[in-house]
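Construct the complete structure from the given sequences, taking the supplied hints into account.
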Amino acid sequence: AEGGKEQLTYRLKWLFNVSVMGDLYAGEMGFFEGANLDVTVKEGGPERDAIRELELGYADFGVASADQVIRALSKGSPVVVLAQLFQVNPLQWIYRPDRVEITQVKDLKAKTVGVTFGGNDETIMRTLLASQGLSEGDVRIYSVRYDYTPFYRRKADLWPVYVNSQGPIISWKLKRAGERVAFFDPSAHGVKFVANSVVTSVRMVREHPDTVKRFMQALLQGWEAAFKPENSKAALEVLSKYDRDTPRPILEKQLAMTRKLVKPADSVDIGTFDREAWQQTERIMLEQQQIKAPVGVDKVLIQF
Amino acid sequence: MLPRRIYQFLIIFLLGIAVLFAVKYLFGLSDYVIPSPADLRDTLAAVYKHYGADVASTLSVAIIGQVVSIFLALMVGILGRQTTWFGSFIKVAAYNVQAYPIVAIAPIIFILFGDGFFSRLLIAAMICYFPILLSVLGIMSEPVKEIEHFYRVTGRMRWQLEVKIRAFENLNKLTTVISGSATLAMAGTIVAEFIAANAGIGYSIRIALYQSDLSKILVALFLIGITLAVYQGLLEAAGRMIGKGVTVTR
Amino acid sequence: MLPRRIYQFLIIFLLGIAVLFAVKYLFGLSDYVIPSPADLRDTLAAVYKHYGADVASTLSVAIIGQVVSIFLALMVGILGRQTTWFGSFIKVAAYNVQAYPIVAIAPIIFILFGDGFFSRLLIAAMICYFPILLSVLGIMSEPVKEIEHFYRVTGRMRWQLEVKIRAFENLNKLTTVISGSATLAMAGTIVAEFIAANAGIGYSIRIALYQSDLSKILVALFLIGITLAVYQGLLEAAGRMIGKGVTVTR
Amino acid sequence: MALSCNHIFFQYPGASTEVFQGLSFSVKQPGFNALFGPSGVGKTSLAKIIVGEITGYSGKVNADGMTRLLYSYNLERLPDWSSVGRHLDKITPDSKEEHKEALVEVFGMTDYMGLRFSQLSLGQQNRINLMRYLLQDFELLIMDESLANVDEMTRESIILKIKAMFPDRYFLYISHNFVEVSKFCREIVVVRGPLKQPQTLSLTGIDLKSHQSVDRDRLEQTMLEIMNAA
Amino acid sequence: MALSCNHIFFQYPGASTEVFQGLSFSVKQPGFNALFGPSGVGKTSLAKIIVGEITGYSGKVNADGMTRLLYSYNLERLPDWSSVGRHLDKITPDSKEEHKEALVEVFGMTDYMGLRFSQLSLGQQNRINLMRYLLQDFELLIMDESLANVDEMTRESIILKIKAMFPDRYFLYISHNFVEVSKFCREIVVVRGPLKQPQTLSLTGIDLKSHQSVDRDRLEQTMLEIMNAA
Ligand SMILES: Nc1ncnc2c1ncn2[C@@H]1O[C@H](COP(=O)(O)OP(=O)(O)OP(=O)(O)O)[C@@H](O)[C@H]1O
Ligand SMILES: Nc1ncnc2c1ncn2[C@@H]1O[C@H](COP(=O)(O)OP(=O)(O)OP(=O)(O)O)[C@@H](O)[C@H]1O
Ligand SMILES: [Mg+2]
Ligand SMILES: [Mg+2]
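Residue numbers (the working numbering), protein chains in the order written: chain F, 1 to 304; chain D, 305 to 554; chain U, 555 to 804; chain S, 805 to 1034; chain X, 1035 to 1264.
Keep in mind that the hints are not guaranteed to be accurate.
Claimed, not checked - Examples of chain S residues lying across from chain X (beta carbon under 7 Å, computed):
1) Gly844
2) Gln928
3) Val954
4) Asp955
5) Glu956
6) His980
7) Phe982
Think of the hints as simulated: they come from the structure by calculation, not from any bench.
Glycine included, each C-beta is placed from N, C-alpha and C at the ideal position.
The following block contains the structure:
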C-alpha cells in the first residue's frame, strides 16, 4: 500500500471499555505502526457482528465470542480464530452475600436468578444447573432487560454482569449504600464457556499470512504491555481517553479485574487457547441444540 | 381487498428476500451472514407454530395498545388544540415524552410502574400515540368556519361540539391515521417486548438476535408482515364503512 | 414563544424529577435505584459539556434525517394517494417497513449498507417518516372539490397540481405534522446511534445504561428535552410565518 | 333601540385601498331594512363590523339596547352527522316550537327535514340555514345573501312571513335584487364606493306586507331612486 | 349540433323519491338559453347529468357533435397561492388574450386582479370563476347560479357581453331571476317537479342583445308564461 503501511480494519465486539484495553493500547502506543500496519480500531456494539463484517469485507480482523464463532462455523462461515483474549469468561453473577450465600451451584436452588433469554448467560446457567442435576424448576428465572432495577430492588437475587467492566461500577454504587456484593463465577464450578477472541477469515490467513502474523504479534504485544504493572499508568491514560464516562478510580479497579481474566498468572501468555474450554463450549452448544452437528472448533484455532 | 393486501405483501417480502439472496450469491456469503433458502424453509417449518402464536399474542396486546393510544392522542390533541398556555404546556409535554428514546425511559417506567403488563402497554402506547396526536392536533386547531359560525355567534359552542365538528369534517384523514397507526402499535408492542423480554414475538426476535440467527428474524418479519396486512386491511375496510355510513351521498 | 416553551419544558422536567424523588423517599429507595439530588447535580456538572456536544451532534443528524423523511413521506404519500393497484402496493410496502422493529432490521441494514453514516441516517429517517406519511396520505387522498373541479373538467389537472392544491389547503395540518416530526427525527437519530453505537447522545445513553447510571440518563434526557424545545419552537415559528405569508388575510 | 354607524374608516390589512372612508348611516326603527349596493362595495364587510366579527376599524358602531346581533350568510353549512330536521330541533328553544313549524312550512322545507345538509340543493341549504337563525333570540339579524339561491316565489313568501312574525326586530337584508329590496324593505341603506360622499344614502322602500298589493308606480319610482343612488 | 335529454330517470342513491321521472327536453340552437325552475327541482342535478358528473341515471343525453361540455357553479374557488390575475393568465390560451382583457373589463374586475381569491367579495369571486370558464374552449357551458351574487347592473353587462362574444356557443344559464331569464335568454327550459308531466316545458325568451331595448309588454308576457309553467 501507499506509504508502505498496510491499511486494516479491526472490528471490536463491544464499546470502548476495559475489555478492549489491549486493542486500544496497541493502537495508541504505536505497536501496529511498529509492525508497519495502519489499523483502524472500530467500536463494536449490540447490533454488530465482526464475523459478518469479515465476510462482507467491512473488516479484516475482529473480536467475537466463542459461541458466535461456533455458530458461524456451523453455518459454513470461513472464520478462523487467532487468539483467545479472555482466559476466564467475564460473564458472572452478582449477588448480595448478606442476603444469599452462594458457594456452590446447589445454593442456587430456590433463588431468583437473572437470565438474558437468548444470551450467553442463559446457556451458561442452564449448563451449570444441569451439571448438578438441578432442573429449571428449581430456580426462579427472572428475565433480564437493559437495566438493573430488578436486582437493585431485590426482585432478583443474582444478576448477570460483566465482572471486569460492570462489576466495579455496581459494587461501588452498592458500597456507597453500605451493601456488600460478591460474584458467582461459573468457571470456578467447572463451566468454562469461552468469551472474546480474535478472529479473521480463512482467506486472510491463506492469502496474507504475513500480515496476519504481524498484526497478531503487534496486538498481543499491546495486550501484554497494557497489563504490565509498570505500564498501568499509561494504560489508564489510554483507557480514559476512550472511555470518558467512567471515573478514574473505577477504571483502576476495572483494569485490575480484567488483568485477572486475561492473564490469570504470569506464566500464561495472553491469547493462549484453552482448547479444553473451547471443546466444552462446543459441547454445551451441541447439547442445548444451538448447533445441529459438531463443528470441530479445534481445527480453526490457529496460534500465530 | 384483503387478498390484494396479502399478495402485495408477499410480493414485497419476496422482493426483499430476493435482494438478500442476490447479495448472498453475488458475494459468496455463508449461511451465517445470510441464510440459505433451505435454512429459511427449515426454520419456517420449525418455528412457524410457536412464532405464529407469539405474533398473535403480540397483536392482541397491540390492539389494546392502539385503543389506548388513540384515546391518549385524542385527549392530548383536544387539550393541546387551544393556543392557551395550558394547551401549549400539554403539547410541550406530549412532544417531549416522544423525543426520548424509549430504551432510556424504560428503566424509569419500570421503576414507577413495576414490570407487569401495564408497563409494557404503556411503552407500546407511547410509541404509537404520537403520529395520531400530530394529526389530531393539526385537525383540531383548524376551525371549520362555515359550520362553526352559527354555534359561535349563538353562544352554543362547547368544546365537545367543536371537537365533533372538526373530527367529522376530517373523518377521512382521521381514519387514515388511525388505521395506519395499527402498524405503529404493532411496532411499539414488539419494542416493549424486546425491552421487557418476557413474551410475544418481540421477545423471540430478541433471542434470535442474540443468537445472530437471521433466518429466525426473517421468519418473524414474515409473520409480522402478513398478520399486519390482514389486520390493516380489516381496519381500513371498517374505516371505509364508517366513512360510507356517514357520507353516503355527500 | 420560545422562552415559554423552554420554561414549560423545565416545569415538566422538574415535575418528572419530583415524582421520581417522591417515589424514592416514599419507598426509601437507595441512591443506586434513583440517584439523589446531589448525585444528579454532580453528574450534571461533570458531563453537561460533553453531553451538550453530543446532543448538538445528534440534533444536526436529526435535522438531515427529518428533511430526508419529509421528502420520503411526501414521495410515498403522493404515490400512495391513488386508489390504484400501484398506490396500494406502495402503501403496503411503506406500512410494512414501519411495522418491523428497527432492532430486527438493523442487522439487515448493516449487511446491505455497511455501518457508515448512511445506515444511521436511514434508520433515523425510517423512524421519522411514518407519521408524516400518514398525514400526507390522509390529506392527499381527499379531493378539494370546489377548487379541483375547474382543472379537472378543463383537462388541466396534473398530479403536481393536485398535490399542490391539497397541500396548500391543508397547510396548517401539514406544518403541524412536519414541525412535530422534528421530535421523531430526534428520537430516530438517538435510536440509530444507540443501535449503531457510534456517536452522539444515543451512544452516551447506551453507555450510561450499560453502567446502569440513571443520573446520567436523566441529564441526557434533560439536554435532549431542552434542545428539542428550542428547535421545535423555531420550527413552529417558521411554520407560522409560512402560514402567514400565504394566508395573510384569509 | 336603534342601529347607527358613525364615521367608519376601514381597510383590510395588507390591502391598498380603503373600503370605508367615513361611512355613516342609521336605522332608527325595527323592521325589514336593506343594505344595498354593487358587488364589492363593502356590504359584507359592513355587516361584520356591525356584529363585531371585524375589528380594526375606526369610528363608532351604536346598537343601543341591542345585545344580540346575529350575522348569517349564504355559505354556512350544517354538520352532516344528522338530518337537518334533527339539527333544527336541537337548536330550537321549546318556546319557539310553533315558530319552527310555521317556518318549515313557509320555507317549503317540510319534505326535506329528513335529509342531511349535503343532500340538499343549494337553495334548500340557504333556507335551512336562515331558518335556524330566525329561531334564535335576537334583536338584529343581518341576512347576507341568505336567500340568494332560492327561487323568487318562495323568497317572497319567506320575506312576508318573516315580516309578519317578527315585526319588532331589526333586519338588515343584503340582496342584489332591486325589485325585492324596493318592494319589501322599509329603510334601504345604499352603500356606495369609497370615493362618493356621503358613502351611504338612506331611501325609503315600499315595505309591502302580506295581502297588500304593490303600487306599480311607486315601485318603479323607488327602484329608480335606488339605481340613481348606487 | 344540438343538446337533448330523453327520458331521464334519476334518483339519488339512498334517497326516497326520484328527482326525474322521464324528463326530456332539447335545445336545438346555440345561444344563451336558460334552465329555470324552483329551488330543489333538480336543475343542478340535470346539469351534472348533462356533463357526466352524475352517472347512474337512465335515459339518454345527446350532445351531438359537442365534445367540450363545461359545468361551472358558484361555489368554486381558485387556489389562494397567487393572485386571481395570475391564475387567469395561466389558464388563458395565447389566442384568447384579447378576450381576457375584454372580459376583465366588462366583468368590472380590473382593479382586483392583484388580489387573491379569498380577498374578494362574494360577487367578485363569482365573476372571476365564470370568467375563467369563458376563456376555455367549449361548445356548451352550463352556468349554475354563476352570477348569483353579482349586482344586477354588472350582471346585465356581463350577459350581454357573453352573448355578443360567443354567439355560436350553447349556454345553459341557471338563475332564479325571472326578469333576467325572460329578457336575455333564447330558449327557456322550465323544469318542474317530478309529479308534473311533462317534466319540462320549453318557452321562448326575448333574447335581448346589446343596444336593443325591451318591449315591456312582451317581457311581462314571457314572465307570466314562465310563472305559469313552473
Ligand atoms: N380579506 C380581504 N382582504 C383584502 N380585501 C378584501 C378582503 N375581503 C374583502 N376585501 C375587499 O373589500 C371590498 C368589499 O368586500 P365585501 O365582501 O365587503 O363586498 P360586498 O359588498 O359584500 O360584495 P358582494 O356583493 O360581492 O358580496 C372588496 O372590494 C374586496 O375586494
Ligand atoms: N346528494 C344528494 N342526495 C340525496 N338527495 C339529493 C342530493 N343532492 C340533491 N338532492 C335532492 O335532489 C333534489 C334536486 O337537487 P338539485 O340540487 O338538483 O336542485 P336545484 O334545482 O339545483 O335547486 P337549487 O335551485 O336550490 O340549487 C333536491 O330536492 C335535493 O334534496
Ligand atoms: Mg358580500
Ligand atoms: Mg342548484
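Of all the hints given earlier, name the ones this structure violates by number, lowest first. none
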